[in-house]
Structures are given as C-alpha cells and as structure tokens.
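Participant: Chain by chain, the residues:
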Amino acid sequence: MKKKIVQTTLATTLAVAMLTACAGGNNGGTGGNAGSTQPGAAESDKGGEQEIVELDLFVNMSWWPLKDWSGKVPEEITKRTGIKLNIQVAADDKQLPLLIASGDLPDLVYTATDLTRMAHSDVSYSLNELIAEYAPDFEISPERIGVNTMPDGNFYTIRNAFSTEQEWKDNPKALPGANSMSYRQDIMEELGNPELNTLDDLMSILGQVKAKYPDMVPLVWDKEQIGQHLRIHYGLKKSRGFVDIDGAAQYYLKDKNYLDYYLYMNRLYREGYMLAENFTFKDGQQDDQYVLNGQAFAHGSGNADTTNAQLEELGKPFRMTQVAKLLSDKAAIPMGGSGWAGLYITKNNKNPEAALKLLQFMYSEEGQQLGLYGIEGEDWTWNEAEKYPVMNYDFNNTDVQTQMGVVWWGLLASSGVNEALQRFVPDSQMTKWGLAAREALVFNPALGLVSTEPDTEEQTIEAQIENMVKTEEVRIYLAATEEEARAQYAALLEKAESLGLSKLEEWATAKYKEYQQNF
Amino acid sequence: MHRRTVEDRVVDTVNTGLLLLMALVTMYPFYYLIIISFNNGLDSSLGGIYFWPRAFTLSNYEKFLSDPKWLMAFGVSGLRTVVGAAITIFFTCLTAYGLAYRNLVFQKVYFSFFIIAMYTSGGLIPYYVVLRSLGLLNTFWVYVVPGAVTIFFLVIAVSFFREIPPEMEESARIDGASDLTIFFRMILPVSKPLIAAMGLFVGVGQWNAWMDSAYFVNKDGLRTLTYRMMEVINQGMMPTDLATAERAAAITGVTTFSIQVTAMVIAVVPILLVYPFLQKYFVQGIMIGSVKG
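First to last, the protein sequences are chains A and B. Using the numbering used here, read the first sequence as starting at 1 and increasing by one per residue. Using the numbering used here, read the second sequence as starting at 1 and increasing by one per residue.
In isolation and in its complexed conformation, chain B is listed as follows:
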C-alpha cells in the first residue's frame, strides 16, 4: 500500500468531481419529473420550476391512486413481474442445465437453434398469429409464456453450470440421485447469484413491458401499469393534422404535463426502489458467465 501522493489526491478530486457532475446531469431530469408531479398542473405550464414544487399539491397522485383501473394495473404489473421472473428462471435454468451436459448429443444443433432464434424474428405479424394459434391472446399467460426462456441468460447459465465441479454431481449420482434431484437439490442452491441476476433483469423487463399489453390484450382488467401510463401520455398528444386540431381547438381541461409526469413517476418508482439493492447481484451474475482464468 503506497502513500497517497499529491498526484493521487488531484486525480481523485477531479474524478469525484466529474462523476458527481455526471450523476447530477443524469439524475436531474428524473428529479424534475418528480417535482413537477407534485406541482399544480396549471401552475406547471408557467414554467420556471427548477428545484422544488412552487404550488405543491397531491391532487395529481390522488387522481391516479384513487382510480380502480390504476390499482388493477398495479396488481397486474406486480403479478407478471413475480410470476414472469419465476417462470423464466425455472425454464431457463432447466434448459441450461440440460445443455450444460458436456456429452450431450446434438449439442451444437441445439445451440445454433437457440442462437439463431436470439438474433432473428419473424416480425410482429407472424408473432401475433403464433400467439393467436396458441390461444394466448387476451390472457394473462401472453405476458409470461412467450418469454419463458431467455436465450441471453441461457448462454450465461450454461457457462455457469459448466463451472460447477463435476465431482459434486458424480458423488450425488453414486448416492442414487436422479438428474432432476441433482438439479433441484444441488445445482440451484449453488446458483443464487445467477438466479438473482436473472430475476432482476427479467423482472425489470416484465415491469416495463407495455407493447404486449397494447397489442395482444384488450381486456381492461389485464392492462399493465406501463400501458396505463402510455394511455395518459397519448391523451396529452393530440395530433396536429389540421382536421384534428380544429376539432381540438377549444378543448379545455386537457391532460396537463403534470398529469402525464405523475403517471410516469408512478410507473417507474416501484422498480426504482427495488433495483439499487439488487444491483450488486446483477453485476456479479453477469460476470459469472464470463471466462475464468
């Protein structure tokens, strides 16, 4: 451990300064959204709000949190995050464990199959038709079943499982354990970092998804929180072709910026609260799949 020279201190100060500046620049826009959401809508349209709300109000939040549609959407989003993450973790790990077996026949074929699927897609319309033929449209399962195996994490999980010493498995086999017993009783408990990383990544993806809620579902009770947010944002954006603008010319009580922003904050805050605590697992988990010395 060498002594800290002047050069060290200078570099540290400059580093810290620059990083603080970057942190401020990235965090300020979100902070701005939060203060606007707590500000009266009409007053927000006057502009000039920078550090704290000028006309503090909770009415924007009241509007959403008292709306049963929003509470329902909150429930749907939460449910799909938990169920979706659980299903994805289970099936991805199961598939990865199978593929991790070094002497697997047709291993290369399976891998090519998956990698091709990862990079290519039939497009939105064929996807829609496939979902329809599987009877998934307009059900909760359209949220969690199509994404049940994530190829990205499949590959990471395969590398991870290959790292596990084969001696562990062999000793278990000698004791008479079957493949599935080994998987559930030995492999999974050891893979906690991987599972945490996968859970977080997939969970965030599930929370943020709104396109499937928009295109593949039309039951009101199945809409997600982010879809509701999009609804509010869309409502504030009447198109500007002349015919529509004329129709909209005299409309008052239009969705104000404050309302739109409140919708955004409500949709983002829950996941934002969870993420920082799980971030270390995320980094660990991703690195786990990398090449070891």
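Chain A extracted, bound-state conformation:
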C-alpha cells in the first residue's frame, strides 16, 4: 500500500514537472549581459565619472580577426563614447538566421549578408526614428541615406565602404583594393626588360618565358580570383551584377568586352601559359607555393610587397615586381554598390540611445580615423600636403591589428575613401598599382543599387545562373580552339536565357530606371 502511494506520487510529480516545462516563457536568452569570465577581463568601470554602458555586438563574419574588445583603440573608443562592447564572432553563416528566427538577437549586429532580413522593422530599429528621438544633430549625407533606404522608406544602417564619385575625386590618394598581378623581376631582366604596356605585350612576355624556361609556369592564379586582374583591364564585373547597354540593365556577361576577355584567357590556356590544374587548386596557398618556390613567373592576385617580405624571410634570391599600370584603354573598375557591411541596432537592444551614439561616433571623421588608423599623433599623422594618413606601424600585420584592436572596428561605419586612404604607402609597389587603378574607377550608383532581394523569384534566377556560370565558364577557358571558345560563350548565354535571364533583366531595367530618378 505504502509502495503504491509512493509510486503514484512520483508518477504525478513527473507528469506535473513535464507540464510546467512546457509553460515557462522566455527564461533570459543569450541577449543578456554575457561578460567574459576569463581572468584579466577588462573592468567595466574604467571611465571614472562616466558610466560605462555595455552592449553586445554580434559580428557575422566567422573570419573576423578581432575576437574581443581589447587593445588601445577599443579602450580609446570606450573612453570617448562611454560604451564598451562584448564581442561575439559568428561560428558560421547559419548562426545569424538562427538568432533572427528565434528572436534572440543581441544588442547590435554587424553583418555583410542577410542585410534585407536585418533591415526590417520587426528586427531592427530604423535609424531615422532613433535619430529623430535621440540625436537630431546626427547628420548623414543624403547619398548614404539614399543607398541605405529600404522600400518601406526607412534606413536601418549606414553600410561602410561606400563613397560617392566626388569623394573619390577629392581624395587623390584614396586607393581601391584592386586585384593585382606580380611577376619575377630577375626573369624580366634576363629577357631584356621588354615593354609591358598592353595586354599583347603581356601575352608576348609570357610566350618568351615559356620558350626560355620550359619548366616554369608562366602564369599562376589564386584559386578564387582566376582571371580577375584581367577583368580589370577589360572593364568587367565578376559573378553578378548588371551593365548598362543602351539604357537597359543587362546581365554583366553581356558586356561587349566579355568575349574578348574569355578569348584572351582561352589563348593563355591554349598556349600553355596557364595550367588547367589551376582550376583544381584546393586552397589559396597552392598558387603561393608555386611563387615562393620560384616555379612561376607571373602571379595573378599577387601582392609584391607581401610576397617579397616572405621571400626575404625564406632566403630566396629573387623578388617580385608589381604590374603598376593599366594595360588597355578599355580598363575600368565598376563602382557604385551601396557599401559592404552594416551595423544594425536590433529591437532587443537594451539601450538604443547609447547604441545610436556609438554609431554616430564611429561615423564621424574622428571615430573613423580612430577605428581605422589608431590614435592620432601616436599611431599615425596626417600629411596635410598630400592629404593622406601616415601610419607609424605595420598596419597590414594581423598580429599588430589584433594587439592594438585597430583597422577592423573602424569598418563599423567608415567611408570607402577613408578605408582607401590607409592603403597609400609612398614607394610601395601596391600603391603604384593603386594609383594607376584609380584612373579606371567608373561610377554608376543607380546601377550598383540594383540588387535582388531574398525570397524573390529574381534572386532564385540570379542564384541559379550564378551557379551555372561557375561551372560552365571553365569550359570557355579550357576550350581547345578559339572557335570552340566562342561557341561555348554563346552556349553559356543560351543556358542563362533558359534559366530565366530575360525575366531578370526586365526586372533589373525597371529597377534601374527607378533608381536613376534619385540621382
């Protein structure tokens, strides 16, 4: 009898426990104050009189080098704004959608993807509302507001890496990070320093290298950027986007120079100046291996400054030189997107006013320069005559960046030009190339804004075509004859049509005309 009572009680307790588990609501998610539990973690009350506000920032880039808010630059930002950030870096690209779907977003999110999902009134605060309420003195340039405005009329972020054509013109030392090419200086000299002014010159030099050094690979490409440097000389876009042909927005592959680019690449392959194996490289180090071992003459995507430093450390006798001029009059670098990544103030933010103040600071010239360059006077000085910042430290070295907490936090709301100015290092080879590439910048902001939205038919079509091109493009590169290459290019466009290209172009042209009215 006693046993029965005990058993019944236990069973009932279990049943009740199960039911209560179902009921419980939001039991404090991860949005709360997730401070570090490590020894030596920064104290939260360093400001003295000013009360330090702690906000959680989720950085949606798994490769982000700065894993926490440490270093002299973050400390200075905290000193000047009274805000300290608790950093969480994404583990992969699924984490942000999970946080959005579960409603458990932290205070701030910095992301370059899922932008439209974040820019929704259910997910983030719209900046125009916050500015009206907390910071009416926060002035943002109308162009930036324009490129960040969503269909609902609000803007939720100010994406970085954006600058207008005028801003680029006003800063002659702002260098785009254009894809580069480097080559062996000593071999060039042995060939008698032939001229390298045009693409035909390049082809002929590669031919001479192949003839004189049959064991060497004339041209090796970085796995992910095959042909990219040449696209610059032909003025082409890569992977996605549209070009203006007679006023209509057509798919980038229909650019009048694209066939010439493909034929040039195909010729490089047929003449044996580049390897078919290049398309099967497993990672971004294989091409470096060829270069560092001295087995390649020219390096697509090569950065002579960094390669030479590595060659010096390895004790190799040769050095690389950068191709520092545009090799054709068709050269162009299409600009005009709306930026790269944006900082969003989520609806879970416990202190939107403080968050807005942080954004305002990082957007200001003072904040941008602090975040990107470091502390003025200590880490860098402004060269008034030539109008660029002179860095006192090796700003490209990730260890230095991590220790100081510099460069990357500046990207939270920086302009394209300020980011570009940092690249200017007089006498460096990349700077010479950057100055040449500058001349090729072309702006079409209306066209750059045309971009498909998630969960729409247009985006599905675009994604399908993109996937198709990735695999089919290789056929053009590896075609056995020029005629076959032409035929493959035509076939590529046909396949794109069959996947719905005309529908995509129709939509794009309509959008293009719409945006043109804003500019």
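Since the hints were made in silico from the structure, they are not lab data. Each hint should be verified, as a subset may be incorrect.
Distance condition first, Cα-Cα at most 30 Å in a straight line; then the derived BS3-like pairs of lysine-lysine [stated by the list, open to error]:
#1 B:LYS69 x A:LYS72
#2 A:LYS350 x B:LYS219
#3 A:LYS72 x B:LYS63
#4 B:LYS219 x A:LYS316
#5 A:LYS67 x B:LYS69
#6 A:LYS237 x A:LYS330
#7 A:LYS387 x A:LYS325
#8 B:LYS63 x A:LYS282
#9 A:LYS223 x B:LYS63
#10 A:LYS94 x B:LYS219
Start from chain A and add chain B according to the hints.
Facilitator: Here is chain B on its own, set in the frame of chain A:
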C-alpha cells in the same frame, strides 16, 4: 587445428599486405598534419614536406598552449566529457532498467515515444527555443543536459538488462531489497562492458561537439576546445567575394596552414590517446545488445 598450407600463407600475406596499405592510407593524412604542425608556418607554405618536418619548431604549439583561452577550453572540454558521460550513463541506464521490466504497463507507448524522438527532430530553431525556455542557454548545463538520455544506447541497454537472469533480482527481492537498491547494488556492477562502451561513445561525442558551443553559448569561459579549433580554421578562410577580398588583399601574418593544423592536432590528440585502450569494450558493449542464440 589443420596444418597451414601454401594457400593459407599466400592468403595471409595478401591480406596483411592489403590491410597494411589501407592502414597507411588512412593514417598518413593525420601523420601529415602532425608533421606540419611541428614545421615553421612560412616554410610549410613552400610545400614538399612528406615524412618529417623540414624546419622543426615548437612555436605553433607554444602559441596555443600559452594562451589562457585555450587552456580554459581544454578544461571545459575535459569537464563536459567526464560529466556528460557520467550523466548520460546514469540516466540512460536508469531509464533502460525501468523499460526492461517485462510486465511494464504501456511499454509499447514508451518505446514508440523514444524511437520517434530518435528519428525525428523539430529542427534547430525550435530546439534553440526549447533550450532558452529551460534556461539552459549560456550555461555549462546546455552541454550535458539535452543529451542526458541517448536513445541509441537506451535500446542496447534494455536488451542487455533483459539478459540478466531474473533469478538474481528475485532473490534480492526476497531479501527485501527495493528496486533502486537492486539497480545500484546488483545491476550496474554487472553491466561494466555496457557502461564502458556507453562512456566511450558518449565521451567522444562530448569531446568533439562544437556546434552547441557555437550556437548556444556566448560566454568566453564556456567555449570548448573544438570550438576554439573552429575559430582558428575560420580565421584562415577569408571569403572570396570581391569586397572582402579587396579588404584582405594586403594582409600579412595571416593564419598559416601550420597554425590551423596545430589547432586540429591539439583538439584531437587527447581523445586519440584514450580511445585505443577502450576500443575492446566498445566492440563488446555494442555486441552485447545483439540477439543471442
């Protein structure tokens, strides 16, 4: 015992040869990782390293083993392996013992319940919401509580417990022992192979898990070793969309392959050292649940 004929010897030699070849092929990649981890990072990027490190260095290991975050992660991984295995063994055996009782009412219902749960799942988002509502997020318990009952081993344990002669239990009951006393004093001591197998399997699973550390936790001090390893690997993989590539164009001191590989070796070696010694229990344990003649 018949005499070994020529045929026997030939078959044996061919067998041994093939198996050695397979062993080499499977073990070499891991051996390669180890030698690269002991090789200088820049020198590794030159390639051509096959059998031993060309530019031997311990600096890759120094970098991690002197980092307090890594030592903390090591502790967290170790703790969750031990605690997680213990909790899982305890609850799974307890549940299995209950289910093993032949005259249990609604037995079929309970079993269907468990089997359905084994094969289906609500997906990541509902799981996240459930963990949040239970208050498990951002605590150590999110590592060990959700996996407290492993259905796979539950089924094996049920078969195992049913094998135990009922006479043992009956005699204990006659002497006045309660269910729980029988379980702790008689059943568990007899189930050592099962417990060893379960402990090993669950332990390895706990050691290797990184997704829960990534998605359900954001306190630095709760990160596991495998999560730290993923961090290092991710850092070496800047994406290649043009905008990011331009930003990354000039970066030096990028995480080299050697560093990534060192992280992998550190994350794997501890469990690798333990596993071979417990493997025989694993095989025994799994077979125990199988049908006996």
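Participant: The structure should be examined with respect to each hint, and the outcome stated for every one.
Facilitator: We went through each hint and held it up to the structure:
Pair hint LYS69 of chain B plus LYS72 of chain A holds up; C-alpha atoms about 20 Å apart against a cutoff of 30 Å. Restraint check: the Cα-Cα separation between LYS350 of chain A and LYS219 of chain B comes to about 18 Å, which is no more than 30 Å; the hinted pair holds. The suggested pairing of LYS72 of chain A with LYS63 of chain B holds, with an alpha-carbon distance near 22 Å, which does not exceed 30 Å. Between LYS219 of chain B and LYS316 of chain A the CA atoms are separated by roughly 45 Å; this puts the pair beyond 30 Å, and the hint is violated.
Taking the CA atoms of LYS67 of chain A and LYS69 of chain B, the gap is about 11 Å. The hint holds against a cut of 30 Å. Proposed proximity of LYS237 of chain A and LYS330 of chain A is supported: the alpha carbons are some 13 Å apart, at most 30 Å. Taken as a hint, the LYS387 of chain A and LYS325 of chain A pair is honoured in the structure, with Cα atoms around 23 Å apart against an allowance of 30 Å. The suggested pairing of LYS63 of chain B with LYS282 of chain A holds, with an alpha-carbon distance near 26 Å, which does not exceed 30 Å.
With a CA separation close to 29 Å, the supplied pair LYS223 of chain A and LYS63 of chain B stays within the 30 Å bound. With a CA separation close to 19 Å, the supplied pair LYS94 of chain A and LYS219 of chain B stays within the 30 Å bound.
In this structure, the one hint that does not hold is number 4.
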